[in-house]
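Student: Protein sequences, first through last, are from chains R, F and S. To convert, note that position 78 of the first sequence is 78 in the working numbering; the numbers rise steadily by one, no gaps. Take the position in the second sequence, starting the count at 1, then add 238; the result is the number in the working numbering. Take the position in the third sequence, starting the count at 1, then add 394; the result is the number in the working numbering.
Please keep in mind that the hints were generated in silico from the structure rather than gathered at the bench. There could be a bad hint or two in this list.
[Claimed, not checked] Computed Cβ-Cβ distance ranges for the label pairs, DEER-style:
id, chain 1, residue 1, chain 2, residue 2, range
1, S, T651, R, L76, 37 to 43 angstroms
2, F, H323, R, T64, 33 to 39 angstroms
3, S, D514, R, N205, 37 to 43 angstroms
4, R, R216, S, N678, 25 to 31 angstroms
5, S, P738, F, A357, 49 to 55 angstroms
6, F, V275, S, M507, 42 to 48 angstroms
7, R, G228, F, D375, 37 to 43 angstroms
8, F, D359, S, N678, 53 to 59 angstroms
9, F, V275, S, V557, 36 to 42 angstroms
10, S, M551, F, R273, 45 to 51 angstroms
11, S, D514, F, V274, 42 to 48 angstroms
12, R, T208, F, A357, 47 to 53 angstroms
[What the hints assert, rightly or not] Sample of chain S residues with no beta-carbon within 12 angstroms of chain R, all distances over it, derived:
id, residue
13, I442
14, G511
15, Y667
16, G674
17, L693
18, S735
19, S778
20, R780
Here a beta-carbon is modelled for each residue, glycine too, at the ideal position from N, C-alpha and C.
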Amino acid sequence: MNDIHNQRRSFLKTSLGVAAVAIAPGLLLFDVAHGKSEAVSAKVRWGMLIDTGNCADGCNDCVTACNKENGLSGGLSPTDSQWIRKIEIKDISAGRAVSLPMMCQHCEHPPCVDVCPTGASFKRADGIVLVDKHLCIGCRYCMMACPYKARSFVHEPLHDQNPDVPRGRGTVESCTLCVHRIDQGKQPACAEACPNKSILFGNLNDPTSEIAMKIRTVASTQVRSDLGLNPGIRYQGL
Amino acid sequence: MNLLSDQSLRAYSPAACLQGIARVSLRLELMFLVRVVMVLVLTGLCISASWAAQTTPYKLDIGRGGQCVKDPQWMRKNHMHLLKHQRDETVHKGIRDDQISLKNCIECHASLKDDSVIARDDSFCVACHRYEAVKIDCFECHSGTRKSAWLLRNAK
Amino acid sequence: MSIPSSSQLKYASLQLKNRLFYLLLAAGGLVIMAGLYAVHMMEEHGHIISGMNNQIVWGIPHVFAIFLIVAASGVLNVASIGSVFGKAIYKARAPLAGLLSIAMLAGGLTVLMLDLGRPDRIIVAATNFNITSVFAWNIVLYSGMFSLVAVYLWTMMEQRMNVWTKPAGFAVFAWRFILTTGTGLIFAFLTARQAYGSAMLPPMFIILSFAWGMAVFHLVQTSIYVWNDKVLEPAILQRKKNLLGIFVIASMYMVATYHFTNLYFANKIGFEYFILRDGGLYPNLFWWGYVVLGNMLPLLLIFLPGLGKTKCVMVASFAVVLGAMVFLYVFIIGGQAYPLSIFPGYQVSSSFGDGQIASYHPSLYEFLLGFAGLAIAFIITTVSVRVLNFMPHDKPYIAD
Numbered sequence: 001m002n003d004i005h006n007q008r009r010s011f012l013k014t015s016l017g018v019a020a021v022a023i024a025p026g027l028l029l030f031d032v033a034h035g036k037s038e039a040v041s042a043k044v045r046w047g048m049l050i051d052t053g054n055c056a057d058g059c060n061d062c063v064t065a066c067n068k069e070n071g072l073s074g075g076l077s078p079t080d081s082q083w084i085r086k087i088e089i090k091d092i093s094a095g096r097a098v099s100l101p102m103m104c105q106h107c108e109h110p111p112c113v114d115v116c117p118t119g120a121s122f123k124r125a126d127g128i129v130l131v132d133k134h135l136c137i138g139c140r141y142c143m144m145a146c147p148y149k150a151r152s153f154v155h156e157p158l159h160d161q162n163p164d165v166p167r168g169r170g171t172v173e174s175c176t177l178c179v180h181r182i183d184q185g186k187q188p189a190c191a192e193a194c195p196n197k198s199i200l201f202g203n204l205n206d207p208t209s210e211i212a213m214k215i216r217t218v219a220s221t222q223v224r225s226d227l228g229l230n231p232g233i234r235y236q237g238l
Numbered sequence: 239m240n241l242l243s244d245q246s247l248r249a250y251s252p253a254a255c256l257q258g259i260a261r262v263s264l265r266l267e268l269m270f271l272v273r274v275v276m277v278l279v280l281t282g283l284c285i286s287a288s289w290a291a292q293t294t295p296y297k298l299d300i301g302r303g304g305q306c307v308k309d310p311q312w313m314r315k316n317h318m319h320l321l322k323h324q325r326d327e328t329v330h331k332g333i334r335d336d337q338i339s340l341k342n343c344i345e346c347h348a349s350l351k352d353d354s355v356i357a358r359d360d361s362f363c364v365a366c367h368r369y370e371a372v373k374i375d376c377f378e379c380h381s382g383t384r385k386s387a388w389l390l391r392n393a394k
Numbered sequence: 395m396s397i398p399s400s401s402q403l404k405y406a407s408l409q410l411k412n413r414l415f416y417l418l419l420a421a422g423g424l425v426i427m428a429g430l431y432a433v434h435m436m437e438e439h440g441h442i443i444s445g446m447n448n449q450i451v452w453g454i455p456h457v458f459a460i461f462l463i464v465a466a467s468g469v470l471n472v473a474s475i476g477s478v479f480g481k482a483i484y485k486a487r488a489p490l491a492g493l494l495s496i497a498m499l500a501g502g503l504t505v506l507m508l509d510l511g512r513p514d515r516i517i518v519a520a521t522n523f524n525i526t527s528v529f530a531w532n533i534v535l536y537s538g539m540f541s542l543v544a545v546y547l548w549t550m551m552e553q554r555m556n557v558w559t560k561p562a563g564f565a566v567f568a569w570r571f572i573l574t575t576g577t578g579l580i581f582a583f584l585t586a587r588q589a590y591g592s593a594m595l596p597p598m599f600i601i602l603s604f605a606w607g608m609a610v611f612h613l614v615q616t617s618i619y620v621w622n623d624k625v626l627e628p629a630i631l632q633r634k635k636n637l638l639g640i641f642v643i644a645s646m647y648m649v650a651t652y653h654f655t656n657l658y659f660a661n662k663i664g665f666e667y668f669i670l671r672d673g674g675l676y677p678n679l680f681w682w683g684y685v686v687l688g689n690m691l692p693l694l695l696i697f698l699p700g701l702g703k704t705k706c707v708m709v710a711s712f713a714v715v716l717g718a719m720v721f722l723y724v725f726i727i728g729g730q731a732y733p734l735s736i737f738p739g740y741q742v743s744s745s746f747g748d749g750q751i752a753s754y755h756p757s758l759y760e761f762l763l764g765f766a767g768l769a770i771a772f773i774i775t776t777v778s779v780r781v782l783n784f785m786p787h788d789k790p791y792i793a794d
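Just chain R, with the same shape it has in the complex (with noise of 0.2 angstroms):
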């Protein structure tokens, strides 16, 4: 009995090894194609602080920035994709006004992922909401629960959209934080675009960044912040 079972024994395991030697290589190649590219990680978190105090009044040109880089048409009709506008805010009682954009606040517990009944509405691990367009079913649920309305829901058929952009008709969509410039390693092009540098973005969750040590010594506030969702948009002099 004892016998039969070493045997078995040695058998499972030299088809193990054999099979492993097998298989190595090919794991080995798998590897080596996905070498270069690897899963973002949550120990970043993207972020961008917004100086308000030098974000000009009348200036547009994260707006147009934001159109080009993305390919949106520009139009301010209420069925045209909008995804950064220009926000003119004056306090009511006190008179003060302040000019400033507006955008997806990536939020770190964003209400439109909560409310997708198809998981389209995602947050990657680096803090950037997005919607997966091909889970999208287009029934606008996100944008009812947007505290920040931040989404536009794309109403006609599209062309000619930029190669690194895709967007179509029926689906919904908002800032993806340029995450197509991120994964190359450049900034947003609103950051990018802002004539008086008032958009700083980076890496909140690493101390030594720029972003992160501003936001140390600075008094930065998140908009809305009583619905607790920690945006990853910053406004500074709000």
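Starting from the structure of chain R, add chains F and S where the hints point.
Tutor: Just chains F and S, lined up with the frame of chain R:
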């Protein structure tokens, strides 16, 4: 006796038995014929299929072409799995594998005439998908234009 | 010329009804075709041809769809009172109530589905399921409702299954409460919008469903009685119209409480002033359309001495249904028209409609789609009532 029907009684009569045998042999013959026809049809199908695999009955502009991922026959069969897998990896995890990205496919396979994989009836994606009657909605969102060409055109 | 005998007369009227039945089917089919045409156009051109936009993201189709879904749950009240609480006159009506529920649910869901930006991808909603989404829960709730009500109908219509009617009735009873809670939660979970984000909404929708479902039931029941040349016993009508009246009062109470709680929260006062006083179309619709037409008129018709006959109840029910549509219009579109408060305490302006009342002009296509939903419910009901036995069979009336 009432329980037995007329038919079951008839089946036991000698004449009916003979008739039955004749019917059975006829049936066997018929079945044999059907089988022969089926085999013939199947071989015919196989031959025509392999012939079809060698010669495409439609015109196809493969652009710059070439082979970078796998051989054409494998790609014909499996490109959709690669694309779908890569799409999830890229969108959700930010893994941007240059080799099997849709953009990279288009870079080589877009027509040299109009820089597109979808512009004409014989464009790389259109010709085959039309022939196979498989509708794709990739290009409702994705650009069908070679990125380098698109960038040149939109440089201003 | 001979005088036609009574049987000949009956035959003639039967022939007339046959013709009328097919005429009704054709009419319903035509409305559905028109709706499908609208869907095709929206597929072709995108939602640009609808009146909906980036500010008003849900429009007329949602008004119709939510009415149908809420009423589908409410109409089961009739069945529940029969099966769960054992009242004989309601028991006799339970099959009809179940049928109406399935029909309206089918109509409502079709509208909801066809209004999607990508209805061709509806299968994704089944394959990719986000557990935190109340929309995704509702997909389960709706399909569960379909199957539960189907089983419930089976236990009632197949005699050997009758023993199971009560448990099935209980299951349906519980399920429909959860379902309407789910419908209310769609709005209750929208924390950022002043109009929604209230825990009042699920119970409010449940009570509203009672009234709307009962009204629809009255309309259909009366039509069926007329069709079959039968007269509903006055005592039964009396009881059922009183119940409708109580539901209408209860729903008014819930709506009033919802607005009252909002009025008490300083940050929601602006919205309440807008919807109840300053918002132009919306306050008018709310007070005249919902309160007067949808509540006061039906209550008068039901409870005023000397009224409350079949015709009055019919008119009252119709007014409740119209009031329901108006209510949903004010609730859904008015709620979105009021600007989101992104910077509380600030005056806001932008190119994207911040700080402005959004405008909405529903297009014909949206109405075609909405009416197609009603037509689907109508056709399912009409055909089923003709081929199966959904006519209430009352024993001689005994008060229980």
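Student: Could you work out which earlier hints the structure fails to respect and list their numbers in ascending sequence?
Tutor: When the structure is compared with the hints, numbers 4, 9, 13, 14 and 18 turn out to be violated.
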